[in-house]
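Now for the letters of each chain:
2 protein chains.
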Amino acid sequence: MPRIQYEDLLKEFERILRDRGFSEKNALDAATVFADNSLDGVYSHGYIRFPRVVEYLDHGSIDPKVTAECVQSFGAIERWNGNRGFGPLNAHQAMERACELAHQYGIGLVALGNNNHWMRGGTYGWQAANNGCIGICWSNTMPNMPAWGGKDRKIGNNPIIFAVPRSNGEHVVVDCAISQFSYGKIEEARLNGKQLPVPGGYDEEGNLTTDPAAIEKTWRVLPMGYWKGSGLSILLDLISTVMTNANSVQKIGTFGDEVGLSQIMIAIDPGKFNDGETTDRIIRELIDDLHTSVPVQEGGRVFYPGELELGTRKENREKGIPVNDEVWNIIRSK
Amino acid sequence: MPRIQYEDLLKEFERILRDRGFSEKNALDAATVFADNSLDGVYSHGYIRFPRVVEYLDHGSIDPKVTAECVQSFGAIERWNGNRGFGPLNAHQAMERACELAHQYGIGLVALGNNNHWMRGGTYGWQAANNGCIGICWSNTMPNMPAWGGKDRKIGNNPIIFAVPRSNGEHVVVDCAISQFSYGKIEEARLNGKQLPVPGGYDEEGNLTTDPAAIEKTWRVLPMGYWKGSGLSILLDLISTVMTNANSVQKIGTFGDEVGLSQIMIAIDPGKFNDGETTDRIIRELIDDLHTSVPVQEGGRVFYPGELELGTRKENREKGIPVNDEVWNIIRSK
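Residue numbers (our numbering), protein chains in the order written: chain A, 1 to 334; chain B, 1 to 334.
Hint data in this document are derived by calculation from the structure and do not stem from the laboratory. Treat each hint with caution, since some may be false.
Chain copies aren't distinguished; within one or between two, either way the pair holds.
[Said to hold, decoys possible] Simulated crosslink set (DSSO-like; lysine-lysine; CA at most 30 Å straight-line):
#, residue 1, residue 2
1, Lys11, Lys25
2, Lys151, Lys314
3, Lys185, Lys151
4, Lys319, Lys272
5, Lys65, Lys319
6, Lys251, Lys65
7, Lys194, Lys272
8, Lys272, Lys251
9, Lys11, Lys334
10, Lys194, Lys217
11, Lys151, Lys194
Here the structure is a predicted model, which means the values were calculated and not measured.
Sequences and hints are given; from them, build the entire structure.
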């Protein structure tokens with residue numbers, strides 16, 4: 001696999017988006033989301049997804065001139081309408097605004113309704129942390145999981161992200177869908193002929209299984225923590241729908257595609273109470289303690305959330321981002 | 001089991017707390033937490049726990065005159081010191097203040113450090129919702145779970161609560177510890193000679209097990225969603241420690257008892273954007289859709305989070321709260 005330098009990838013994305021009518025700033029912001037996801041090793045929501053996004057633009061299903069706008073505001077909270085514009089760009093702008101509100105009020109919330117897929121939720125956690133803020137954000141999705149006690153898909157795997165900033169940029173970030181495994185992970189396991197490491201859903205007899213093919217037959221995927229994830233999913237959907245007055249998981253299920261999602265961006269500025277050294281010290285102490293864990297496997301190690309992405313990021317920044325030749329050629333031809 | 005009317009239980013708790021030096025208001029607020037938990041069927045954190053709390057007061061390990069105080073404030077966020085006062089009372093006052101901030105700014109956050117155990121976290125979610133607010137809150141705990149990949153207890157099962165208000169008081173509330181099962185549930189299963197319904201931890205050979213006794217031998221309890229819950233637990237602890245600049249899970253583990261916890265109370269006022277009817281309609285539509293789930297078990301039913309507590313509450317309000325005779329006699333003799 002060839003390796004492409006981050007800057008080269010970013011420039012290609014920027015060029016393509018500018019050619020499709022994005023403003024300079026919006027092209028850079030949106031390109032950065034895809035380049036950063038690639039840098040962090042989340043290729044599925046990075047360069048691999050990019051050609052599909054360009055198709056949406058070329059077919060007119062995304063209009064580069066349509067962006068999110070604030071429709072209601074009160075103190076530290078704002079309600080935005082994404083107008084079904086470009087998902088990652090709208091989400092980026094919404095989190096940027098939440099951070100501004102946090103700098104002004106200590107905490108800020110932007111409820112972004114009617115937005116398209118934001119790609120990788122972790123993006124907006126890292127973004128908040130880069131702004132010196134604690135970030136909490138989530139998105140609803142289409143119905144892709146049964147509620148606890150039910151068989152048919154009624155709830156979303158609504159990814160939720162928590163991020164805490166460090167002054168050295170090595171933030172602590174957790175980014176997890178509320179399902180035990182994403183659809184992508186289940187498919188990947190089947191294609192590789194592997195079992196899932198823990199049960200990920202139900203087979204046709206209603207038994208928990210680690211067999212990805214059996215789960216794909218029923219689509220009864222498992223919420224993380226069984227009944228707990230089911231409850232969390234419902235609450236995240238409710239909060240985002242109430243605060244946006246836009247589309248619930250159920251409503252999104254009627255659209256035929258995963259569009260018009262409801263997203264919540266919360267930023268908190270710890271700098272209002274701590275100097276940077278205090279926050280850094282608290283985080284370092286916690287990480288140091290985690291690293292003293294007795295590993296389950298001899299020679300193993302406990303990582304803090306975000307630590308593995310950081311390793312990939314460093315390697316990819318140094319050596320370049322490994323890209324599939326075919327996909328890279330498609331991107332360059334756009 | 002005799003059944004005691006809610007008002008009688010509340011009055012007993014109030015009398016006992018006033019006798020120990022609580023002010024009228026504080027006695028009522030603290031008594032209400034224990035009475036409400038009993039009403040909702042969470043007896044372990046209601047009347048059953050009450051005699052132990054009285055002992056703490058009588059032995060001087062809780063001082064009724066010591067309450068939480070705001071030590072830093074910026075816009076919509078406040079940092080409070082709980083001064084190791086009475087946990088549920090401090091938590092109640094902190095959430096009350098978060099709701100006031102939400103009414104003023106749309107969103108409010110109170111970071112309450114150095115507080116004692118808040119009993120049932122759901123209390124403060126219901127409280128926020130009773131104030132017309134969305135509530136999000138969590139507490140750290142002592143180290144009671146290994147981080148993912150480790151064997152020794154390094155992280156907390158930090159309970160997190162999400163609540164959404166309805167004007168009829170039938171709020172939607174999820175209240176869950178980040179471990180798959182609480183220590184209490186594991187003990188209960190062992191005492192009843194039952195297996196856990198799903199794996200709750202590891203046995204001495206390092207295999208996942210549903211056997212409560214085997215888990216109690218290793219104390220390797222499982223985070224909800226395996227690696228996901230581990231990551232969430234770490235982030236919740238980090239955010240609460242950074243915002244309070246008080247005690248992390250690791251630090252609490254050095255105290256010899258579960259005291260001096262760090263708690264976060266966030267309230268959001270949806271009334272700034274929606275009239276009450278709109279919020280009610282959104283929630284009703286989501287609940288109605290959930291209720292149309294195809295049940296796993298014939299004749300079964302899918303409940304929304306908080307629905308089961310509501311049933312218990314109605315029954316206990318009507319018939320009285322079932323109390324263990326012995327415990328009730330102890331309470332009355334205090």
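Original post:
Under a CA distance limit of 30 Å, which applies to Lys251 and Lys65: within one copy, between copies, both, or neither?
Top reply: So Lys251 and Lys65 pass the 30 Å test inside one copy only (26 Å; across, 52 Å).
**OP:** Since the copies are identical, ignore which copy is meant and state whether Lys151 and Lys194 lie within 30 Å (CA to CA) inside a copy, between copies, both or neither.
**Re:** Both: 25 Å inside a chain and 26 Å across chains, each within 30 Å.
Subject >> Same-copy or cross-copy closeness of Lys11 to Lys25 [CA-CA at most 30 Å] >> reply: within (13 Å within a copy, 64 Å between copies)
**OP:** Could you place Lys319 and Lys272 in one of the four classes (within, between, both, neither) given a Cα distance threshold of 30 Å?
**Re:** neither (38 Å within a copy, 50 Å between copies)
Subject >> Identical-chain pair category, Lys194 with Lys272, by Cα at 30 Å >> reply: This pair counts as neither: shortest intra-copy Cα distance 49 Å, inter-copy 50 Å.
**OP:** Could you figure out if Lys272 and Lys251 sit no more than 30 Å apart (CA to CA) within one copy, between two copies, both or neither?
**Re:** This pair counts as between: shortest inter-copy Cα distance 23 Å, intra-copy 39 Å.
Subject >> Alpha-carbon proximity between Lys151 and Lys314, which holds within one copy, between copies, both or neither at 30 Å >> reply: between (43 Å within a copy, 29 Å between copies)
**OP:** Pop the pair Lys185 and Lys151 into one bin, within, between, both or neither, using alpha-carbon distances up to 30 Å.
**Re:** Cα proximity of Lys185 and Lys151: in one copy and across copies (21 Å, 26 Å).
Original post:
Between copies, within a copy, both or neither: which fits Lys65 and Lys319 at Cα up to 30 Å?
Top reply: Close neither inside one copy (36 Å) nor across copies (62 Å); limit 30 Å.
**OP:** Pop the pair Lys11 and Lys334 into one bin, within, between, both or neither, using alpha-carbon distances up to 30 Å.
**Re:** So Lys11 and Lys334 pass the 30 Å test inside one copy only (13 Å; across, 74 Å).
Subject >> Intra- versus inter-copy proximity for Lys217 and Lys194 (alpha-carbon distance at most 30 Å) >> reply: Within one copy only: 16 Å inside, 32 Å across.
Against the hints set out earlier in the document, violations occur for numbers 4, 5, 7.
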